[in-house]
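A.B. asks: Chain residues, written in single-letter form:
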Amino acid sequence: MILTFENLSSNMAAARRLKRVAISQPGFLTLNPKVTPTDLVSSRRKRVNKNKKKNWNKYSDVQDVEEFLEDLVNLKFCFLCEEAAEPVKGKKRKGKSSRPLRIDLILQHDSLVAPPKDVLAYQKPNAKKLRRTAERAEKLAANGVVPRSKKRLLNRTVVDRMSKKTETEANNNPERDFYDIWGQETKDLGEPWYLQQTRKKLVKRPEKLNEKPSVLPAVEVIAPGGSYNPDFFSHQELLREAHEVELKKKKVEDKLERQLAYNKADTATEETILREQVEGLVEESEEEEEKDAPKEDGEEVAVGAIAVADKKTERQRKREKAEKMKEQQRLTERRQTEQQQQLFQLRSIKTSIKQQEETTQIRQKRRKAKEEAQKAQPRRLGKLKFQPQDMEVQLSDELAGSLRQLKPEGSVLMDRFKSLQKRNLIEPRERAKFKRRLKVKYVEKRAFKEIS
Amino acid sequence: MGGLQKKKFERGSATNYITRNRARKKLQLSLPDFRRLCILKGIYPHEPKHKKKVNKGSTAPRTFYLLKDIRFLLHEPIVGKFREYKIFVRKLKKAYGKTEWSAVERLRENKPTYKLDHIIKERYPTFIDALRDIDDALCMCFLFSTFARTGKCHVQTIQLCRRLTVEWMNYVIASRSLRKVFLSIKGIYYQAEVMGQLITWVVPYQFSHDHPVDVDYRVMATFTELYTTLLGFVSFRLYSSLNLVYPPKLDSNGESEPKEESEDDYAMNSESYLEKLSALSASLARVVSSADEEEAQLDQFPSEGEDMEKMEAREKELKQQEAQKKLFEGLKFYLNREVPRESLAFVIRCFGGQVSWDKSVCIGSTYDVTDETITHQIIDRPSVGKQYINRYYIQPQWLYDCVNAKILLPVEDYFLGVTLPPHLSPFVEEKEGDYVPPEKLKMMALQRGEKPGNEQEEDEEEEEEEGEQEEEQEEDDNGDEEDDEEEVAEEKNLKKMEEQRSQGKSLHVKVTPGKLKVENKARLEQEEKAEEKRLAIMMMKKKEKYLYDKIMFGKKRKVREANKLAAKRKAHDDSEKAKKKKARK
Chain V
1 MILTFENLSS NMAAARRLKR VAISQPGFLT LNPKVTPTDL VSSRRKRVNK
51 NKKKNWNKYS DVQDVEEFLE DLVNLKFCFL CEEAAEPVKG KKRKGKSSRP
101 LRIDLILQHD SLVAPPKDVL AYQKPNAKKL RRTAERAEKL AANGVVPRSK
151 KRLLNRTVVD RMSKKTETEA NNNPERDFYD IWGQETKDLG EPWYLQQTRK
201 KLVKRPEKLN EKPSVLPAVE VIAPGGSYNP DFFSHQELLR EAHEVELKKK
251 KVEDKLERQL AYNKADTATE ETILREQVEG LVEESEEEEE KDAPKEDGEE
301 VAVGAIAVAD KKTERQRKRE KAEKMKEQQR LTERRQTEQQ QQLFQLRSIK
351 TSIKQQEETT QIRQKRRKAK EEAQKAQPRR LGKLKFQPQD MEVQLSDELA
401 GSLRQLKPEG SVLMDRFKSL QKRNLIEPRE RAKFKRRLKV KYVEKRAFKE
451 IS
Chain Z
453 MGGLQKKKFE RGSATNYITR NRARKKLQLS LPDFRRLCIL KGIYPHEPKH
503 KKKVNKGSTA PRTFYLLKDI RFLLHEPIVG KFREYKIFVR KLKKAYGKTE
553 WSAVERLREN KPTYKLDHII KERYPTFIDA LRDIDDALCM CFLFSTFART
603 GKCHVQTIQL CRRLTVEWMN YVIASRSLRK VFLSIKGIYY QAEVMGQLIT
653 WVVPYQFSHD HPVDVDYRVM ATFTELYTTL LGFVSFRLYS SLNLVYPPKL
703 DSNGESEPKE ESEDDYAMNS ESYLEKLSAL SASLARVVSS ADEEEAQLDQ
753 FPSEGEDMEK MEAREKELKQ QEAQKKLFEG LKFYLNREVP RESLAFVIRC
803 FGGQVSWDKS VCIGSTYDVT DETITHQIID RPSVGKQYIN RYYIQPQWLY
853 DCVNAKILLP VEDYFLGVTL PPHLSPFVEE KEGDYVPPEK LKMMALQRGE
903 KPGNEQEEDE EEEEEEGEQE EEQEEDDNGD EEDDEEEVAE EKNLKKMEEQ
953 RSQGKSLHVK VTPGKLKVEN KARLEQEEKA EEKRLAIMMM KKKEKYLYDK
1003 IMFGKKRKVR EANKLAAKRK AHDDSEKAKK KKARK
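Chains V and Z, in that order, are what the protein sequence lines are. Residue numbering for the first sequence is 1 to 452, as defined by the working numbering. Residue numbering for the second sequence is 453 to 1037, as defined by the working numbering.
Hints were generated in silico from the structure; no laboratory data involved. By construction, the Cβ of each residue, glycine as well, lies at the ideal position given by its N, Cα and C atoms. Hints are supplied without guarantee of correctness; some may be wrong.
Claimed, not checked - Partial list, computed: chain Z residues near chain V (C-beta under 7 Å):
(1) P513
(2) E536
(3) F579
(4) C591
(5) Q611
(6) T652
(7) F685
(8) G804
(9) H875
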């Protein structure tokens, strides 16, 4: 029982004092004055086996524990509200407990000399200065001047909140605000070298990047025949153009078909099938012999070519060398005479030079014209060539009589996309094909199997 | 032989270019991110002159970029943002996989974003640069604003595009800068003159949602991202140039205040303001409420000769423009529900007209059908129930044709149920000698101030006009011939006299009363000029003469072709007329 009490009381930090009292006394002391320890011990004892849990539950007396717990609660309540428990304590403190604890006595100061006064507790190292600054601050505050540190603090908080907000705002926020981006001059925050090294200054954009890659206008207006209610002739003109485009496409297709077509003569007839089946069974000895004959000749020729030439004699070599020298001399002489002769050909040389220059000029002009024409053309920027979109055309019977009945032809989105490609802003691409990694397996379910 | 052997592909064009994949690796970006970066920064692929040299001996088709461009990209701060975003997506995926919803929420809150402001400033150093490139931006924004709010792109982007396009239209209205409109089968082409720049854009018809599959939406969305930013800054500048409040506010004390009745059931509170703006029926608030804008007058400089002529021409043009700006001023339009409201309202308001519609069609209608002061009702159906006597019932094409002709065309051709005259493209400019359709000729005559007759005789008149023109031409030719004849006759007389003199015969001299020779000064001048020209041609060098002949031949051929077309047209018209007559009988 004491054990339980101990456990319980150890949980309560507030009841530490009580615990000490309880331990110091021989019996069990309750806080309730009516109950004495003698009451608890019953005169007539019933013998019970204590090694059975059943008996514990039945015969052990828990009332005292419960009462104690109740008291504890009361006590705590008392402690909290007032020193109501004082009279109770006073009763118990009659004997030894009124004396101070020995441990306290040991720790007590027993020297007769008074301890020196702690000067630092009363003195501050720069009290005068601090006092003055405080006075000044008060004065300034009275005048409404905010000290710098406080100001900085205030500023910082404001800036932080703002930057956070701008950071989280998305680029496509429909309520975003715009400002005069071209009007305000960017103020230099410091040394250019510092800005560059800390990446605060952006690298200057090369001038060449501002050139447009094509001379074509951004918006190409449709031909007058593309009006919703066109003039007869312009409409016919547009139709003719569209027709020509279609013809060209057809021509390409036809060509491909022609190239892919098989030769009609190559189809198997009964005769060819029969010949195939009989191949090798019928003797064709004569033809074979004829074929063999030229083959042998060829082999002989090949062998002859490989034959190694004889070694040259010393004389032969010397003669060859002399001949070579002679030839060279002859050529140099000839060159010299030619050069001398050119003096008399000055006029013809001049004319020929003139002609050459003219031809080069013509070529240059042509090349320049070609380059100019190329500027408007889409370039080859990737795997695929630029494919112009289909022409938007409405046939004569498709034309609407009024704006209400108009059926729009083609799409502006496609037009814009193709325009970007045509102006070399993006490369023509094909949509990535969806590739299935695993094969699909088709299984007929049983339920369907029964039906079909 | 001294020196080290030169290695191939270590200098020259091979080192100036870089393939796309290598560039991508250098920047440590995925392909979509790389593509996005290139679009945003305005760096485009190049086609090298010698592909084989650049491609290190291989002829495989590849995409090349200039190495310097890619080096420039390395400095871009957005690259870092792209990498951050990649990490963000990875973390988010992981959190989702682990079903850690609080982590998901936290990550979402700190989603990395980026701004394109510095890129705009860098790519377009001045405002005019930006304005020159605004065509694309407008087209893209108008296109995206018509998209349905489904999964094709972010709803926010669509909303932003809508807002920007509305702002642009309001600016064009406020500055009265619309010049041309063309209704094509693809969409509506507009042209405006803003700060001296001609800006063309195309708007798709409403509700024509046909999403083609072979368009890369991601690329288009990236372009739109850039262009929305650009358009926003441009419109801010434009608004401030006109002293308008930005973001635009409706003028609260304007004379035409939209009714406030049906607002609540039309749109949500958050949206209704934009809707009211996009109705285009009210004018915008100004920063400084100016009473009347001072009309800018062209400064007069003392000038001589050619400059004078140029100046006069310019003044004339300016006057015409001013007149065009006030084309619909004082007119009151009412739009029936079957006509394209936005386009028509935009065009009418651009030229100073007042416009309204049924209040169930759209927010912001200013007056009802029953208003007696309405002058024109735009209608596109075969018949109407109740007609008011003091207004014209016309088809919508009239408005567009008026804008293109820069005058108010006669309304008779556009009445209800009448077969409309063709809608000609205002973007075609005919050169001398080109075939000009008769409708355009008529329009040009109207512009010059000539008046056609009544509507019944119109067709005949038209023919007559054509006939007259032809006759005039003939007359001119005849006149020349006559002159020649006269000269010939005089010469003959003189010759006779000389002959007689040489024969020694005495001339019998007689004095006859002289005829007063009427000298036509203009004619003389013309003759002189013609003579000078002929002499000049005679004096030409052989080379020049050859060229001149060639040019003249080309001109004549053109004229011949145009005449042929005109004759064809006449034949066509005649046959049509005959058909009509038959049908009538």
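A.B. asks: Run every hint past the structure and note whether it holds.
C.D. replies: Outcome of the hint check:
1. P513: 5 Å, holds
2. E536: 11 Å, violated
3. F579: 5 Å, holds
4. C591: Holds: closest Cβ of chain V sits about 6 Å from C591 of chain Z, inside 7 Å.
5. Q611: 4 Å, holds
6. T652: 4 Å, holds
7. F685: OK, holds: F685 of chain Z within 7 Å of chain V, min 5 Å.
8. G804: 23 Å, violated
9. H875: 4 Å, holds
The earlier numbered hints that this structure contradicts are 2, 8.
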